[in-house]
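Undergrad: Residues per chain are reported as follows:
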Amino acid sequence: MKRIYMDHGATTPMREEVLEAMLPYLKEIHGNPSSFHSFGREARKGMDEAREKVARALGASSPEEIYFTSSGTESDNLAVKGIARALSSRGNHIITSSIEHHAVLDTVKHLGEEGFEVTFLPVDEYGMVDPKDLEAALTDRTILASIMMANNEVGTIQPVEEMARICHEKEVYFHTDAVQAIGHLPVNLEKQPFDLLSLSAHKFYGPKGIGALYVRKGTKIKQILFGGGQERKLRPSTENIPAIVGLGRAIELAVENIPEKSAALTALRDRLFKGLQEEIEDIRVNGHPTQRLPGNVNISVAYVEGESILLSLDLKGIAISSGSACTSGALDPSHVLMAMGLDHQTAHGSLRFSLGKENSEEEVDYVIESLKEIVERLRKMSSVYKK
Amino acid sequence: MYNEIVMDHFQNPRNIGEMTEPSGVGEVGNMKCGDIMKIFIKVEDGVIEDINFLTFGCGAAIASSSVLTEMVKGKTLEEALAITNKQVADELGGLPEAKMHCSNLAADALHKAIEDYRQKQTA
Ligand SMILES: Cc1ncc(COP(=O)(O)O)c(C=O)c1O
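Taken in sequence, the protein lines are chains H and W. Here the first sequence stands for residues 1 to 387, numbered as in my numbering. Here the second sequence stands for residues 1 to 123, numbered as in my numbering.
Just so you know, these hints were derived from the structure itself, not from any lab. Some clues are possibly wrong.
[Said to hold, decoys possible] DSBU-like, lysine-lysine: derived pairs with alpha carbons at most 30 Å apart:
| id | chain 1 | residue 1 | chain 2 | residue 2 |
| --- | --- | --- | --- | --- |
| 1 | H | Lys372 | W | Lys32 |
| 2 | W | Lys73 | H | Lys380 |
| 3 | H | Lys387 | W | Lys120 |
| 4 | W | Lys86 | H | Lys387 |
| 5 | W | Lys42 | H | Lys208 |
| 6 | W | Lys32 | H | Lys357 |
| 7 | H | Lys372 | W | Lys112 |
| 8 | W | Lys73 | H | Lys109 |
| 9 | W | Lys112 | H | Lys233 |
| 10 | H | Lys387 | W | Lys73 |
| 11 | W | Lys75 | H | Lys380 |
| 12 | W | Lys73 | H | Lys386 |
| 13 | W | Lys42 | H | Lys386 |
| 14 | H | Lys81 | W | Lys42 |
| 15 | W | Lys32 | H | Lys380 |
| 16 | W | Lys120 | H | Lys386 |
| 17 | H | Lys316 | W | Lys32 |
| 18 | W | Lys120 | H | Lys217 |
| 19 | W | Lys112 | H | Lys387 |
| 20 | W | Lys120 | H | Lys380 |
| 21 | H | Lys170 | H | Lys45 |
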């Protein structure tokens, strides 16, 4: 059976070029970059080059502002906790949004349990944070605001530059989780005033289990792992050299020709949106009509539950995801959709298609046709379907 | 994640659709969890002659409603009342742990349908 992958928001396949770059470091180059000898030096060289590539891709002023971590999750944890630990004598208030990935959301909640004051900013029906709400939430005890660059479920692109400026007027640090944005939205830290930025290689055709945190020079941050002196003591543990090299190569490729790639993906996305809306009755678009990631399509199908659709699509070889509680093992549907004010039925019937560079128009058309059939079938057996 | 029996019932659900003039109807579940099952029964001489279902829910919810209709057809009301959610899951060869309490409610819906029938009888 031909399989169609439209779940790039979950992870992406690794590019051939990335594998090629990694192979020597999985084979002959096996040294520990902290070692004094030639084995260590050649590993360090690979790591240093990767760090330079990441710095260049982001427009960072120096490779020293890049810290490798094990994942997007770890980068988010380090950013939020690391700032909280470093600045707890100055203030105890942290601001984030109600639609962050759990890597930020639950870290902030955890700090709340420890005694920090925490604010979760609301979003509008499109999943957008209002910078005015951020401004109003700032107090003289605020030390950090963390707002994602683009949301992983509904793709809404947040006004993060404006929010970073608002924070800086009050001398508050600003962190952005750019895990979903890299390769889709241009990032240039020379112009964008973020103090910290998280990224994860597997979302842009790199390997899984490797991420980075950008920390602007002079930012006060403390380590959350303790051990050796790696990553200038901010993130100890022997570096995962093959993955770091893969991350470097992947980000170099990801930031090439962003306008062209985004335009192509947006065209494909809009074809999918249009086809679904034309072919299937009673569906609703979730997220912002224009301020959204190029590859993100999120809809709710009325009268049917998301997992049953996912299961049916999977039988046809089509891979997507849903914000229904049933697909996450949780008891509640997606916190993002609920924060946007969706009712339970609409959230349970939500589907996310996240397109990538291998997807074609034919695939999009096949998915529309397949979904139409599946929805008709499931609605026939639905207890809430009103004909 | 689901076994073959569950997938068979999910792909080829038995006895779906609304029933005209049912003897009893039972509905369980709520939209918060995302599963709502509706069971329709036709009773003659204390025996369930016909049974249909409509379900909004995940694969497990659909499969458990479907298999229940097969388990129940031709049974007396007493026999039907003795059927438990656990037996429905067993008949499916088991369900993932996470689905056991939220999506495995078909027997409850059946019991409500029988209750509904009995109330109509005494009314
Ligand atoms: C917005 C966002 N932040 C953080 C993460 C976590 O990244 P990782 O899977 O590398 O831990 C993800 C990925 O699921 C994400 O989409």
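Undergrad: Confirm or reject each hint.
TA: Results for each hint:
no.	hint	verdict
1	H:Lys372 to W:Lys32	holds (26 Å)
2	W:Lys73 to H:Lys380	holds (21 Å)
3	H:Lys387 to W:Lys120	holds (28 Å)
4	W:Lys86 to H:Lys387	violated (33 Å)
5	W:Lys42 to H:Lys208	violated (55 Å)
6	W:Lys32 to H:Lys357	violated (36 Å)
7	H:Lys372 to W:Lys112	violated (34 Å)
8	W:Lys73 to H:Lys109	violated (51 Å)
9	W:Lys112 to H:Lys233	violated (64 Å)
10	H:Lys387 to W:Lys73	holds (28 Å)
11	W:Lys75 to H:Lys380	holds (26 Å)
12	W:Lys73 to H:Lys386	holds (27 Å)
13	W:Lys42 to H:Lys386	holds (23 Å)
14	H:Lys81 to W:Lys42	violated (62 Å)
15	W:Lys32 to H:Lys380	holds (22 Å)
16	W:Lys120 to H:Lys386	holds (26 Å)
17	H:Lys316 to W:Lys32	holds (29 Å)
18	W:Lys120 to H:Lys217	violated (76 Å)
19	W:Lys112 to H:Lys387	holds (25 Å)
20	W:Lys120 to H:Lys380	holds (28 Å)
21	H:Lys170 to H:Lys45	violated (40 Å)
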